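Enquirer: Given the sequences, and given the hints that come with them, work out the whole structure.
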Amino acid sequence: MPEGTKRDVWITGIGIVSSLGEGPDAHWQALSAGTPPVTDAERFAPYVVHPLVKLVYDAQIPKKGDQRQMETWQRIGTYTAGLALDSAGIAKNAEILGRTDMVVGAGGGERDHQVDTAILNDVLTSNEPGKLLNERLLSDLRPTLSLAQLSNLLAGNISIVHGVTGSSRTFMGEESAGVDAVRVGYSRIAAGQSEIGLVGGAYNAEREDMLLLYALNDFCMTDEFRPVFSGAEAPGIPSGSMGAFLVLESPEHATARGATPIAKLTGVWSERARRDEPGAVAAKVADFVARTHPDAVLSGATGAHGATEGEAEALKGAGVPVRAVANRIGHGFEAQFPAAVALAALTVAKGELFPALSGDPLETGTGAPQRILVTGVGHWRGEGAGLVEKVG
Amino acid sequence: MAHTDKHGRPIVVVTGIGVVSSLGQGKEDNWRRLTAGESGIHRITRFPIEGMRTTIAGTVDFLFDERVAAPDLSERLATLAAEEAIGQSGIGSKGNFPGPLFAAVPPVEMEWPEKRKLAENAPERPVEYRDLLASAASGKFRPWHERFLFGSVADRLADKFGTQGQPISLSTACASGATAIQLGVEAIRRGECEVALSLGTDGSVHPEALIRFSLLSALTTANDKPEEAARPFAKNRDGFVMAEGAGALVLESLDHALARGARILGVLEGCGEMADNFHRTRSSPDGKPIIGCMNNAMADAGVTPGDIDYINAHGTSTPENDRMEYVGLKAVFGEEVLAGIPCSSNKSMIGHTLTAAGAIEAAVSLLTIANGRIPPTINYHVPDPAIPLDVVPNVARDAQVRRVISNSFGFGGQNVSLVMAGEPA
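Chains as they are written, first to last, in the working numbering: chain A, 1 to 392; chain B, 1001 to 1425.
These aren't lab readings, by the way, just hints derived from the structure by calculation. Being a predicted model, the structure only gives us computed values, none of them experimental. Where hints are given, some of them may not hold.
To be verified - Here are a few chain A residues that face chain B, going by a calculated C-beta distance under 8 Å:
| # | residue |
| --- | --- |
| 1 | Pro62 |
| 2 | Asn134 |
| 3 | Leu138 |
| 4 | Ile160 |
| 5 | Gly163 |
| 6 | Asp218 |
| 7 | Thr260 |
Unchecked claim - What the simulated footprint calls covered on chain B by chain A, stretch by stretch (three residues with Cβ under 8 Å from a Cβ of chain A suffice, anywhere in the stretch; the number is not a length):
| # | segment |
| --- | --- |
| 8 | 1207 to 1215 |
| 9 | 1269 to 1275 |
| 10 | 1310 to 1320 |
Even for Gly, the Cβ is constructed at its ideal location relative to N, Cα and C.
Expert: Put into structure tokens, the structure is as follows:
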């Protein structure tokens, strides 16, 4: 088909891991049972995190050598990407994987805290701190460290472990990276630039270096878990370890290989409010609702001050049932939007909205949504949305 | 009547070009020095180099008097390149660029001087990581949150230039700059926008960055004569030189450019990519991914190897890359045709600008077409018999160049090739 002609985009595979479990079935069981969020406020006290369920990485990353070359966030992502390929029925299908287009939303980093603090303590007392830093870094950093930290190496590892090689792009930039990974993958298929794609992201919340970055500006949820829309002021970000990947596919391509859709992705938007203007975030979210006419909203609200209050204001007036992803699995930054789209797809496929979390005044309503609006308002910048619809 | 390419898509042209490198600020300076065969590589003065295996780089030292964090320098470099490109294109108005931003930016993390300040602010000795975390939460360092977000450089550029929508920050390692251009081309072809700002920037030469590449044995250790250390395709090449810079292009549909009477600087005819799943830092020994990448770019452009007049090589000066690039080129072009196509590496003069390289080298490729002059591969004094390429050794050459292929191959297996031409076909 000529490029630029818009066509449907199906979600034909879902991989998801979080504090609630591994895979779509485990997630649906927990969601539909109204399982309370699994949180840990002790390990990184005073910060609240949603710890990842235990994974046996060998199941998707069989070579120990590959696992050793990755930091945890890359392992989570590579594992979850494998689940998505399994779910779509294209794992190990070299012909399809060789032309599967990948877009990953990624962070990076992951420091060795012991090495960092040991070096810092020596630097603090050194007469020649510059020279000492050079010598210590040369001797103390693992040679493969930078590969384990590089943002684009999650995608690189997915290529190596699973053989996805059609194309490989990595977007950075926190929540927006996840929104744009899904948006660009979607747009290329809708416009005929691609037939099948793997999009998603991963986040390891159980990292002091990431807590440090967000603690700098007081963004983290502390002391105990609170629902993200509770209170007049947003309660802070309850970060959550997670991985979420989707296989997106044109209906023609899916039908030809006998695959069936889980749900349809009807649109993805990535916008930018002027956050210094009062009401700007609320206006963006209200606009997403107005233009998509959803019958439910699955919010990717972060819990961050300055962002979640505006979203809450808009969703209060939406007049449809609302649920928040962070109230179940926490907030996974780059992975949050892909995870929210995955859970929305599951919900329309199962045909019933999962129960509300008590204590969150915005989580109301029930029903059997056919059109779910997924929001992805970044904790600092960027307002994203996607519309997920039931097929048939 | 809309102007479309051989595949029926909108033709994408370039109407603005901006460049900053260790050779200087702006196209004019860079072009003059690149075609004079000058090197921008020098001894590092930004930080102490005692104990380093590699003590040279192509740092950009003329923008700040004092040390700044890498994202500050990356942002400044990108700003200068984007200002030049937008200025040349004459599009939009100040603070209102009528299209999206695709920004190739280096991965960001808090650096040692900041960590040291956190440690100094903590009362405990010896300091533990949780003390740093408590120090961070003191509220004394709030601006660092934004500065060390992965999205912060693109974010501020979007504010400054008033690009539309949320900017995309991206990384495909050494192919990043080319990926930024590819994303812009695709968005225009989809009809999502008429104009896009694509750029690559890298200001991340700091001690740990240098040491990490040293630990991967990727850098040259030919420290004695910095300007002679980058030797792409020469037998005595021994690694790349880390460098800084930025390149920016204003991309536009041909129809849009014609309608506003813009001067057309070149055509982005084709983009190709293919990921390598062989190894994290090494190319597949059969060269299949880089061969596929170049073939995909030419197929996307609707041209064949015979239509290419010049190859703007990735040419990093590492033993492995340059050999594999030759293997790929030989397979794509055939030995005989390849022997007749000049193929030079800008990295011999400006070093490897990493995240920015694909964008800077696309800019230089367009200048090569426009000026009918091919920048040389300098420091080519010991030919490698295993790489019989016409590398335009040491001295620039006048030649009619109608079409260029520019290669970018990254760590992590992400490869992108761009095909550019001078005039709409």
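Enquirer: Hint by hint, note whether the structure agrees.
Expert: These are the hints, each one checked on the structure:
1. Pro62: Violated, about 15 Å.
2. Asn134: Given a least distance of 4 Å, the restraint on Asn134 of chain A holds.
3. Leu138: Nearest chain B Cβ about 6 Å off; hint holds.
4. Ile160: With Cβ-Cβ at 5 Å, under 8 Å, it holds.
5. Gly163: holds (6 Å)
6. Asp218: holds (7 Å)
7. Thr260: violated (27 Å)
8. 1207 to 1215: Result for this restraint: holds, n = 7.
9. 1269 to 1275: holds (count 3)
10. 1310 to 1320: That given contact is violated, which follows from only 0 residues of the segment 1310 to 1320 of chain B lying within Cβ reach (below 8 Å) of chain A.
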